[in-house]
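Q: Read top to bottom, the protein sequences are chains Y and E.
Going by the numbering used here, the first sequence opens with residue 1, and the numbers climb by one from there.
Going by the numbering used here, the second sequence opens with residue 1, and the numbers climb by one from there.
What the hints contain is simulated information worked out from the structure, not anything from laboratory work.
Hints should not be assumed to be uniformly reliable.
Listed below are the simulated BS3-like cross-link pairs for lysine-lysine, each with C-alpha atoms no more than 27 Å apart in a straight line [to be verified]:
{"hint": "1", "chain 1": "E", "residue 1": "27", "chain 2": "Y", "residue 2": "359"}
{"hint": "2", "chain 1": "E", "residue 1": "107", "chain 2": "E", "residue 2": "185"}
{"hint": "3", "chain 1": "E", "residue 1": "27", "chain 2": "Y", "residue 2": "265"}
{"hint": "4", "chain 1": "Y", "residue 1": "131", "chain 2": "Y", "residue 2": "271"}
{"hint": "5", "chain 1": "Y", "residue 1": "271", "chain 2": "E", "residue 2": "27"}
{"hint": "6", "chain 1": "E", "residue 1": "185", "chain 2": "E", "residue 2": "90"}
{"hint": "7", "chain 1": "Y", "residue 1": "99", "chain 2": "E", "residue 2": "151"}
{"hint": "8", "chain 1": "Y", "residue 1": "359", "chain 2": "E", "residue 2": "369"}
{"hint": "9", "chain 1": "E", "residue 1": "90", "chain 2": "E", "residue 2": "151"}
{"hint": "10", "chain 1": "Y", "residue 1": "126", "chain 2": "Y", "residue 2": "89"}
{"hint": "11", "chain 1": "E", "residue 1": "27", "chain 2": "Y", "residue 2": "264"}
{"hint": "12", "chain 1": "E", "residue 1": "107", "chain 2": "E", "residue 2": "18"}
{"hint": "13", "chain 1": "Y", "residue 1": "359", "chain 2": "Y", "residue 2": "264"}
{"hint": "14", "chain 1": "E", "residue 1": "369", "chain 2": "Y", "residue 2": "126"}
{"hint": "15", "chain 1": "E", "residue 1": "107", "chain 2": "E", "residue 2": "90"}
{"hint": "16", "chain 1": "E", "residue 1": "151", "chain 2": "E", "residue 2": "166"}
{"hint": "17", "chain 1": "Y", "residue 1": "131", "chain 2": "Y", "residue 2": "99"}
{"hint": "18", "chain 1": "Y", "residue 1": "99", "chain 2": "Y", "residue 2": "126"}
{"hint": "19", "chain 1": "E", "residue 1": "107", "chain 2": "E", "residue 2": "151"}
{"hint": "20", "chain 1": "E", "residue 1": "166", "chain 2": "E", "residue 2": "90"}
{"hint": "21", "chain 1": "Y", "residue 1": "89", "chain 2": "Y", "residue 2": "427"}
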Amino acid sequence: MAVILLICSIFVFSQAAYWLGVKRARRAAGERGQAVLHSRPQYYGVLTALWCGLPALFIIFAWILFADSILTGMVMDQVAPQMGLTSTKEIDLVENDLKNLVAGHRATTDPGPLLQRAADDYRRLKAVGEKALFVVILSLMTLCTFLVWLRIRPALRARNQVEFILRAFLVLCSTLAVFITLGIVLSVLFESIRFFQMVPVTEFLFGLNWSPQMAIREDQVGSSGSFGAVPVFAGTMLISVIAMLVAAPVGLMSAIYLAEYSGKKFRATAKPLLEILAGVPTVVYGFFAALTVAPAIRSLGVSFGLTVSSESALAAGLVMGVMIIPFVLSISDDVINAVPQSLRDGSYALGATRSETVKLVVIPAALPGIVGGMLLAVSRAIGETMIVVMAAGLSANLTVNPLQAVTTVTVQIVTLLVGDQEFDSPKTLAAFALGLLLFIVTLVLNIIALYVVRRYREQYE
Amino acid sequence: MTHLHGNAPSTMEIVNRKLGRRYRAEKRFRLVGLSAILCSLLFLAVLFLSIFAKGYSAFRQSYLLLDIHFAEEAMNVNNLATADYQGLVKDALRTMFPEVTSRGDRKLLYGLASPGAAFQLQQMVAEDTSIIGTTRTVWLPADDDVDMLLKGYVDRTAAESDRRLKDVQFGWIDTLAGQGRLRLKFNATFFLAGDSREPELAGILGAAVGSLYTLAVTLFLSFPIGVAAAIYLEEFAARNRWTDIIEVNINNLAAVPSIVFGLLGLAVFLNFFGLPRSAPLVGGLVLTLMTLPTIIIASRVSLQSVPPSIREAALGVGASKMQTVFHHVLPLALPGMLTGTIIGMARALGESAPLLMIGMVAFIVDIPKGFLEPATVLPVQIYLWADSPERAFVERTSAAIIVLLAFLILMNATAVYLRNRFERRW
Numbered sequence: 001m002a003v004i005l006l007i008c009s010i011f012v013f014s015q016a017a018y019w020l021g022v023k024r025a026r027r028a029a030g031e032r033g034q035a036v037l038h039s040r041p042q043y044y045g046v047l048t049a050l051w052c053g054l055p056a057l058f059i060i061f062a063w064i065l066f067a068d069s070i071l072t073g074m075v076m077d078q079v080a081p082q083m084g085l086t087s088t089k090e091i092d093l094v095e096n097d098l099k100n101l102v103a104g105h106r107a108t109t110d111p112g113p114l115l116q117r118a119a120d121d122y123r124r125l126k127a128v129g130e131k132a133l134f135v136v137i138l139s140l141m142t143l144c145t146f147l148v149w150l151r152i153r154p155a156l157r158a159r160n161q162v163e164f165i166l167r168a169f170l171v172l173c174s175t176l177a178v179f180i181t182l183g184i185v186l187s188v189l190f191e192s193i194r195f196f197q198m199v200p201v202t203e204f205l206f207g208l209n210w211s212p213q214m215a216i217r218e219d220q221v222g223s224s225g226s227f228g229a230v231p232v233f234a235g236t237m238l239i240s241v242i243a244m245l246v247a248a249p250v251g252l253m254s255a256i257y258l259a260e261y262s263g264k265k266f267r268a269t270a271k272p273l274l275e276i277l278a279g280v281p282t283v284v285y286g287f288f289a290a291l292t293v294a295p296a297i298r299s300l301g302v303s304f305g306l307t308v309s310s311e312s313a314l315a316a317g318l319v320m321g322v323m324i325i326p327f328v329l330s331i332s333d334d335v336i337n338a339v340p341q342s343l344r345d346g347s348y349a350l351g352a353t354r355s356e357t358v359k360l361v362v363i364p365a366a367l368p369g370i371v372g373g374m375l376l377a378v379s380r381a382i383g384e385t386m387i388v389v390m391a392a393g394l395s396a397n398l399t400v401n402p403l404q405a406v407t408t409v410t411v412q413i414v415t416l417l418v419g420d421q422e423f424d425s426p427k428t429l430a431a432f433a434l435g436l437l438l439f440i441v442t443l444v445l446n447i448i449a450l451y452v453v454r455r456y457r458e459q460y461e
Numbered sequence: 001m002t003h004l005h006g007n008a009p010s011t012m013e014i015v016n017r018k019l020g021r022r023y024r025a026e027k028r029f030r031l032v033g034l035s036a037i038l039c040s041l042l043f044l045a046v047l048f049l050s051i052f053a054k055g056y057s058a059f060r061q062s063y064l065l066l067d068i069h070f071a072e073e074a075m076n077v078n079n080l081a082t083a084d085y086q087g088l089v090k091d092a093l094r095t096m097f098p099e100v101t102s103r104g105d106r107k108l109l110y111g112l113a114s115p116g117a118a119f120q121l122q123q124m125v126a127e128d129t130s131i132i133g134t135t136r137t138v139w140l141p142a143d144d145d146v147d148m149l150l151k152g153y154v155d156r157t158a159a160e161s162d163r164r165l166k167d168v169q170f171g172w173i174d175t176l177a178g179q180g181r182l183r184l185k186f187n188a189t190f191f192l193a194g195d196s197r198e199p200e201l202a203g204i205l206g207a208a209v210g211s212l213y214t215l216a217v218t219l220f221l222s223f224p225i226g227v228a229a230a231i232y233l234e235e236f237a238a239r240n241r242w243t244d245i246i247e248v249n250i251n252n253l254a255a256v257p258s259i260v261f262g263l264l265g266l267a268v269f270l271n272f273f274g275l276p277r278s279a280p281l282v283g284g285l286v287l288t289l290m291t292l293p294t295i296i297i298a299s300r301v302s303l304q305s306v307p308p309s310i311r312e313a314a315l316g317v318g319a320s321k322m323q324t325v326f327h328h329v330l331p332l333a334l335p336g337m338l339t340g341t342i343i344g345m346a347r348a349l350g351e352s353a354p355l356l357m358i359g360m361v362a363f364i365v366d367i368p369k370g371f372l373e374p375a376t377v378l379p380v381q382i383y384l385w386a387d388s389p390e391r392a393f394v395e396r397t398s399a400a401i402i403v404l405l406a407f408l409i410l411m412n413a414t415a416v417y418l419r420n421r422f423e424r425r426w
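Extracted from the complex, chain Y is given alone in its bound form (with noise of 0.2 Å):
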């Protein structure tokens, strides 16, 4: 609360600077009007509120940040020697006792003395630091108002100042994409690696066998987890083909017949209808794959006789099939629209039929975009997550058969995931290991799909 009270009074501060500047700056430019003035006295105004709210607010920002783990470090220095704590082990329970504590939570056992009066002195030199925190925020904001004032006088260059610290801001925010791939790829890498100090990459790549399950104690049945992950992508594969054997050729058909027969009116009204479908969230078609498709296949499949799984492939397959065509739409719409018009003039003069002209002329003149966006699609499929976490299994069976259950790279990780968690058992950082491989699949996949349709959109350009 008292963090939300200093950042409303940096605001009212900053407001007060900025009318301190643009006051300060009319009187400097004196009677002479503010034709003297290098820049228009609000950016006077808006270079002394930076200046007095920005440091404050980067303070605030780091005390957020950092507070909690210097205070708590500082009180388990003291607290550690006279309990006698040694190994990190119980450094590390006793920490997460003391912030219960201080949170006001139930703690798991009885505190102890001890342990309450670390909790009293963390929540004291929690309070004197908010207090200082307070002092020398205010203290900084006045300083700083009164430096940017004492230094305006008609040659102050305000306006190229304000606009140094937008710009900034605006190549950072720019950059922060590159961050995120950045944050993505370190730390998956490094929970990866230590996955991989307990797993040698071999048998998770090559490994048949994938039951993650660890035993709790030693004795338990089935102790030793298998983390040979090849049934996992094989699932994935299974999956992601029969999507795309359904998305590929309805969504490209769909393209064609929208692109080179369709009425505008009826291009109108379709396109968006197929657009639906892709802003339908994966929630309700997971629930849908579950609760309508997946019992119907099996009632179909059982009425010729087949054994069915319950979570059949077939089931997450189809309606991931659906939810993808519209992506299989609309790239193949871009790349057929964009091939010339004078293409298929000179193949109808030479009188060919509209079919012959796509078959023989469009389609194999847009081929590398479509490719492309075939490529786009599979990686959505592979990366999908919510349809199969709910339709389909969690048992990892090495098979081909599309009635049978099996699981994905995707449906792995949340399960792993999701839950209780301690990261130091291969079971969760295998999770991380997973996600490694879906972040590096999707990737290249993506790389190889958008050099292909930026090459082919040259082309023709």
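Given chain Y, put chain E in place with the hints provided.
A: Chain E in isolation, oriented as in the chain Y frame:
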């Protein structure tokens, strides 16, 4: 051209002979294309209809009309929470069916009312203590099994051991329904309550509020950052290696599977920065990373569509580059940016996979009151309910989907309206 007599056919004849087959192929091809579109549309219709057919009944809910006697001896005025409100419901049911005497049958009889009935009575007393000692006629929620029977989802002809409701209960239910003491009324609980293990007490308000908080964080962060990034890349950045890298990065991020963002959130926000699990703040951060590429791409397209003459005119009268962008280009590009942002927000609203990773799947009864309190969101609530075994949760899941889809359609319609209203063709 030499005219050939005899058996050798002319070119025209060869063409004409094949023409019928070629026209048929043409027609077939066209038909295949049309049927591909109709297939997708059919699926869309089936999807919506099946969800609507399953879900619309959840907007009504069975209520029992009971004469509750708030007996003074059962209440302790000093501590209203401790009274046996369950007992009041039981008393009321017993007086209506005095012929039920055996222990087992009584238990079945009490099972007609929801456990939430007692809670409702407790609230009534807490609001107005003067009703103690009086008898009031109150509509109380019925159990979900009764609800399912009233809505016609229960097969009465099935063997008694296979049913959750027994034959005696059918008799009581029919009697109550005949007296008008058991009927379907508008299900306000569904819109005003948080999650519950009892289907008749479960509502979507908790998840909706969680979604609101999460989206607020997402919007607050992703819109300014996305627009700023787009402005820099489109208006200021020089074409060099570095901007190329950024561009490729943004395009790739747009296609990274959403669950990978969840892994990032788990490893960075939860494990590294130690932010609380299940908090809308963390959910919003993760969704920000996910929607940022969408907003950046849409904003850039929107900036590109502003004609260069506007910039040249502004520069010509002495505006600085920054003034040109912020005073002239940005206002013209803003509608397009807003449209892209709304579409990005709609996608974020429907997203659930990354939120599973950061613990927003917990069972949370309370309606969240802040950005750091445990919360869940609408799509995750749907996922949780879809996993629940009770029959009554199927209709509630579908109803929650209907609500979610309504929100999405509203957002997308706003985007389309904005685009049509403010888009300028230059």
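Q: Hints first: check each against the structure and report whether it holds.
A: Structure-based check of all given hints:
1. 27(E) with 359(Y): Holds. Residue 27(E) to residue 359(Y) sits at ~14 Å (cutoff 27 Å).
2. 107(E) with 185(E): 25 Å, holds
3. 27(E) with 265(Y): 21 Å, holds
4. 131(Y) with 271(Y): 60 Å, violated
5. 271(Y) with 27(E): 22 Å, holds
6. 185(E) with 90(E): 22 Å, holds
7. 99(Y) with 151(E): 50 Å, violated
8. 359(Y) with 369(E): It is violated: about 60 Å lies between the C-alpha atoms, which goes past 27 Å.
9. 90(E) with 151(E): 24 Å, holds
10. 126(Y) with 89(Y): This hinted pair holds, its Cα atoms lying about 25 Å apart.
11. 27(E) with 264(Y): Measuring from Cα to Cα gives roughly 20 Å; hence the hint holds.
12. 107(E) with 18(E): 82 Å, violated
13. 359(Y) with 264(Y): 22 Å, holds
14. 369(E) with 126(Y): Judged against 27 Å, a Cα distance of about 24 Å means the pair holds.
15. 107(E) with 90(E): 9 Å, holds
16. 151(E) with 166(E): Answer holds: residue 151(E) to residue 166(E) is near 17 Å, not above 27 Å.
17. 131(Y) with 99(Y): Holds: residue 131(Y) and residue 99(Y) sit about 21 Å apart, inside 27 Å.
18. 99(Y) with 126(Y): 13 Å, holds
19. 107(E) with 151(E): 23 Å, holds
20. 166(E) with 90(E): Holds, because 18 Å separates the two Cα atoms, which is no more than 27 Å.
21. 89(Y) with 427(Y): 19 Å, holds
Consistency with the previously given hints fails for numbers 4, 7, 8 and 12, ordered from lowest to highest.
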